[in-house]
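Trainee: Sequence:
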Amino acid sequence: MDRPGVARHRHPECFDKIDALLEENDKTGTTRRRQVNHPAKGLPDLPVDYTLVTIEGMPWRLALGEDMRKLSDIQQQLVRTQTELESEYRKIREAEGRYRTIFHKTAQAIIIVDGDSHAVIDINLTGANLLHQPASRLIDKPAQQLVERDDRNALTDALGAARHGGARKTLTLHAAGHADPLSAVIEPYRENGRGNLMLSLLPAAGTSAEMSESADMALLDSFAEALVIIDRKGMIAAANDPFLDLIHVLNKSMVIDRNLNGWLGASSVDLQVLLSRVREEGQVRQFSTVVRDELGTTKTVAVSAARMPGESDGQRIGVQISEAARRDAQFTVPSPGADAGSSDFAELVGRVPLKDLIREAVDVIEKMCIEAALRQTDNNRASAADMLGLSRQSLYIKLRRHGLEDFGSDNA
1 MDRPGVARHR HPECFDKIDA LLEENDKTGT TRRRQVNHPA KGLPDLPVDY TLVTIEGMPW
61 RLALGEDMRK LSDIQQQLVR TQTELESEYR KIREAEGRYR TIFHKTAQAI IIVDGDSHAV
121 IDINLTGANL LHQPASRLID KPAQQLVERD DRNALTDALG AARHGGARKT LTLHAAGHAD
181 PLSAVIEPYR ENGRGNLMLS LLPAAGTSAE MSESADMALL DSFAEALVII DRKGMIAAAN
241 DPFLDLIHVL NKSMVIDRNL NGWLGASSVD LQVLLSRVRE EGQVRQFSTV VRDELGTTKT
301 VAVSAARMPG ESDGQRIGVQ ISEAARRDAQ FTVPSPGADA GSSDFAELVG RVPLKDLIRE
361 AVDVIEKMCI EAALRQTDNN RASAADMLGL SRQSLYIKLR RHGLEDFGSD NA
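Heads up: the sequence shown is residues 1 to 412, going by full-length UniProt numbering.
These are calculated hints, taken from the structure and not from any lab test.
Glycine is no exception: its CB is placed at the ideal position from the N, C-alpha and C atoms.
Please note that a few of the clues may not be correct.
Said to hold, decoys possible - Result set (DMTMM-like, lysine to aspartate or glutamate): computed pairs, CA atoms no more than 25 Å apart in a straight line: (1) K105 - D221; (2) K398 - E360; (3) K233 - D245; (4) K41 - E66; (5) K398 - E366; (6) K41 - D67.
As the list claims (entries may be wrong) - Here are the in silico distance ranges between beta carbons for each label pair: (7) E280 - T300: 19 to 27 Å; (8) L295 - A179: 15 to 23 Å; (9) D16 - L62: 17 to 25 Å; (10) V79 - L295: 47 to 55 Å.
Produce the complete structure using the sequences and hints provided.
Mentor: Shown next as C-alpha cells:
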C-alpha cells in the first residue's frame, strides 16, 4: 500500500485519515482503526475500517479492513428514528398546547378527577374562579373537599357510580364556603388505560336557562339566512353563523352585546326606523337597507323583523337579513313627471339617508345620460364627450366607473 495508490480509491475528505494512518504506521509499525469511505459509481459509498501493519522484509504495508456497511445502516436508522421521535414529540407538545388553550378558555368549569383516588388531576381557570381558589391549590386535593360537608357523601357515591357504571351522573351540590347551589355533571372517560372522571360545574339556577339558550342557538344556526336576536335598543343577544359570514366576523363573542347598527344600515337612523316600525306594527317585511362588513364592503339587503314569541313588550326582536333579496331593494330613477317614480322615492324615505338617496339618483342619471349620448353618436366616444361637455379623459373615467367600457359591443 502506497500513498498514490490509496489516493485513487477514496473520497477527498478522507485525505487526512489516510495521512494519519501512514504517519502513525511509520512511527509505530501499527495503527489504530480509522474509517475510510470508498466511492462506488451509482451506489452508496463503501465504509471500511482500516488498520495498517508493516511486515518486516517487505517493501509495502498491509492494510486490514472491515466492512462497516451494517454498522453504517444501523447508525442511519438511529438518526432517522431520532428525527421521527423528535417530530412526534413536537406534535404531542403542540397538541398539548392546543388542549391547554381550549381547556382554560372554555366558559364551563371543568375538573378532571382521578377515577380511583378521586383526587383532582387538573382544573381549568373557569373552575378555579368558580371555586374562588387558585388552580395550584386544588391539584391533588380530594374532590370531596371542594364541596360542603353535607354534599360529600353524595359526590363520592356519584363519582363511584360513574366510574364503575360507565354512565353519566348529575347532581346538585354546594361548593365549600358558598351558599349558591351548583349543578354537577360527572362523565367517565379512559386515559392511558385507566378510567378517570370529568366533573363539570355550572350554577344550578342557570342550568335550564343554559339548556334553553343552547337549544335556541342550535335552532338559529339551522337557518340558511342571517338571523340576529336584539333588544329594544338594538343590542345583539344572539346571532347565527350565517350572520357572522355576512359581516366577516370570526366568532359570536365579537358581536354579542354590541349594537346591530354597527353593521346594519347606511347610518344609525336605519335601525331606529326599523325598531320604531316593529314597536308600532309588531313586524316589518322587506325593509331595504345595507350591511357593512368588517372588510369595508357594503351589501344591499332586505330585512324582516318581528317581536319574539312571548315578548309582547318588545324586549326581544328577531331580525332576518336576506342578501339574496338585494335586487328587490334597488330603486330606479323616475322619468320627469312620472308619479309612480315619485312614489318609489317616497317609499325609500326613512330607509335610506337623504344624502345617499341623492347620490345614488345622481349616479343613475349620469349613467343614463352617458348611455343616451353613446347611442345618439353610434358609440363615437369623441362625439359623445363633446355632446356631454366632457373631455375624452373624463368620459373614459366615467365609463369605467359605471361599467360602460364595453357599451358598444354589448349593444351591437
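Trainee: None of the hints should be skipped; say for each whether it holds.
Mentor: Hint check results:
{"no.": "1", "hint": "K105 - D221", "in the structure": "22 Å, holds"}
{"no.": "2", "hint": "K398 - E360", "in the structure": "15 Å, holds"}
{"no.": "3", "hint": "K233 - D245", "in the structure": "23 Å, holds"}
{"no.": "4", "hint": "K41 - E66", "in the structure": "21 Å, holds"}
{"no.": "5", "hint": "K398 - E366", "in the structure": "9 Å, holds"}
{"no.": "6", "hint": "K41 - D67", "in the structure": "18 Å, holds"}
{"no.": "7", "hint": "E280 - T300: 19 to 27 Å", "in the structure": "25 Å, holds"}
{"no.": "8", "hint": "L295 - A179: 15 to 23 Å", "in the structure": "49 Å, violated"}
{"no.": "9", "hint": "D16 - L62: 17 to 25 Å", "in the structure": "21 Å, holds"}
{"no.": "10", "hint": "V79 - L295: 47 to 55 Å", "in the structure": "48 Å, holds"}
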